[in-house]
Amino acid sequence: GAGVSQTPSNKVTEKGKYVELRCDPISGHTALYWYRQSLGQGPEFLIYFQGTGAADDSGLPNDRFFAVRPEGSVSTLKIQRTERGDSAVYLCASSSPGQGSGYTFGSGTRLTVV
Amino acid sequence: ILNVEQSPQSLHVQEGDSTNFTCSFPSSNFYALHWYRWETAKSPEALFVMTLNGDEKKKGRISATLNTKEGYSYLYIKGSQPEDSATYLCALQTGANNLFFGTGTRLTVIP
Numbered sequence: 001g002a003g004v005s006q007t008p009s010n011k012v013t014e015k016g017k018y019v020e021l022r023c024d025p026i027s028g029h030t031a032l033y034w035y036r037q038s039l040g041q042g043p044e045f046l047i048y049f050q051g052t053g054a055a056d057d058s059g060l061p062n063d064r065f066f067a068v069r070p071e072g073s074v075s076t077l078k079i080q081r082t083e084r085g086d087s088a089v090y091l092c093a094s095s096s097p098g099q100g101s102g103y104t105f106g107s108g109t110r111l112t113v114v
Numbered sequence: 115i116l117n118v119e120q121s122p123q124s125l126h127v128q129e130g131d132s133t134n135f136t137c138s139f140p141s142s143n144f145y146a147l148h149w150y151r152w153e154t155a156k157s158p159e160a161l162f163v164m165t166l167n168g169d170e171k172k173k174g175r176i177s178a179t180l181n182t183k184e185g186y187s188y189l190y191i192k193g194s195q196p197e198d199s200a201t202y203l204c205a206l207q208t209g210a211n212n213l214f215f216g217t218g219t220r221l222t223v224i225p
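Keeping their order, the protein sequence lines are chains A and B.
Numbering-wise (the working numbering), the first sequence opens with residue 1 and increments by one.
Numbering-wise (the working numbering), the second sequence opens with residue 115 and increments by one.
A few of these clues could be false.
Claimed, not checked - Below, in silico cross-link-like pairs of lysine-lysine (PhoX-like), each with a Cα-Cα straight-line distance of 25 Å or less:
1. A/Lys78 x B/Lys156
2. B/Lys171 x B/Lys156
3. A/Lys11 x B/Lys156
What the hints assert, rightly or not - Per label pair, the in silico range of CB-to-CB distance:
4. A/Thr13 x B/Thr165: 32 to 42 Å
5. B/Tyr188 x A/Ser38: 22 to 32 Å
6. B/Glu170 x A/Ser9: 29 to 39 Å
7. A/Tyr18 x B/Gln195: 36 to 46 Å
Since the hints were derived computationally from the structure, they do not count as laboratory data.
Since the structure is predicted, the reported quantities are computational estimates derived from the model, not experimental observations.
Where a beta carbon is used, it is the ideal one built from N, C-alpha and C, also for glycine.
Next up, chain B with everything else stripped away, as it sits in the complex:
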């Protein structure tokens, strides 16, 4: 079992604020890093799959960066909206299959 850590565990931000959270992982056996958004009573939704050191991906107001050498990824949300409230999960993929998930960051955006 690989130790994937996410911080903070939870946070509350005001609507319109920008925020970011961290995923750290062991840099050995790296294959890919996944980010998912999981809203209550819904399916986890894939946000990004990142493979290259220094990679940066963007989807609307959400972006992510990756550092495979030091073993971390940041997720940024610009101008948070109430609909961004969800649990954000990162997962390390070490081979062709299987993901090792962190415990998630629970984001609440206050209108």
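Chain A extracted, bound-state conformation:
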């Protein structure tokens, strides 16, 4: 596609439920990133994929968070047993190899846990 697509754009869920957030990156971009922005903060790194593998998952806050990218394109961020503190905007970005062009971000999924 022309840009990075994230679905859903908004998700309201009850505490304790499971949610999946989807990211469809720019075709041909091998690198994919998930970030989370909480109110009043800058985006915080969660996980980085190079192709199908998670090259760096050091930003995942705990084992309730998991992400996959099975075919090297679409990625799904999965959150189990959601907590109110998980409420945030979840941003996905993709990039092509080499620096210089910046990352292309999606418009995010606003997750609200009630």
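Let chain A serve as the given structure and place chain B on it in line with the hints.
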């Protein structure tokens, strides 16, 4: 976690005024410095990626400078317009991947 700081946190300017804001970062492990513009309900948009000390980049009325030795970057907007209203984020890249973002400067341009 690296500490990337942006100031001011927010500002209001009149249409036509020029303005600037600051991003400061630890100068060790520097790889690149990114600037993004994030309008409400839209995607963050890449403005500049800067790598060289002393670098200056320009895009229309917006320009940015970089000092990697002292660890700061300035973003300038000349002749602000209402459509410039957005949150401006800077991010430090320390390696081949991963960005450490500041908390942003929220700019409001008053018509």
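Against the structure, the hints come out as follows:
1. Only pairs whose Cα atoms come within 25 Å are accepted, and A/Lys78 paired with B/Lys156 is accepted, the gap being roughly 23 Å.
2. The hinted pair formed by B/Lys171 and B/Lys156 meets the criterion: a straight-line CA distance of about 24 Å does not exceed 25 Å.
3. Between the alpha carbons of A/Lys11 and B/Lys156 the distance comes to roughly 16 Å, so the proposed pair stays at or under 25 Å and holds.
4. About 41 Å separates the C-beta atoms of A/Thr13 and B/Thr165, a value consistent with the hinted range of 32 to 42 Å.
5. Separation of B/Tyr188 from A/Ser38 is about 27 Å and conforms to the stated range, judged on CB atoms against 22 to 32 Å.
6. A C-beta distance of roughly 37 Å is found between B/Glu170 and A/Ser9, which places it inside the suggested range of 29 to 39 Å.
7. Checked against the hint of 36 to 46 Å, the pair A/Tyr18 and B/Gln195 passes, with Cβ atoms roughly 44 Å apart.
Of the numbered hints listed earlier, not one is contradicted by the structure.
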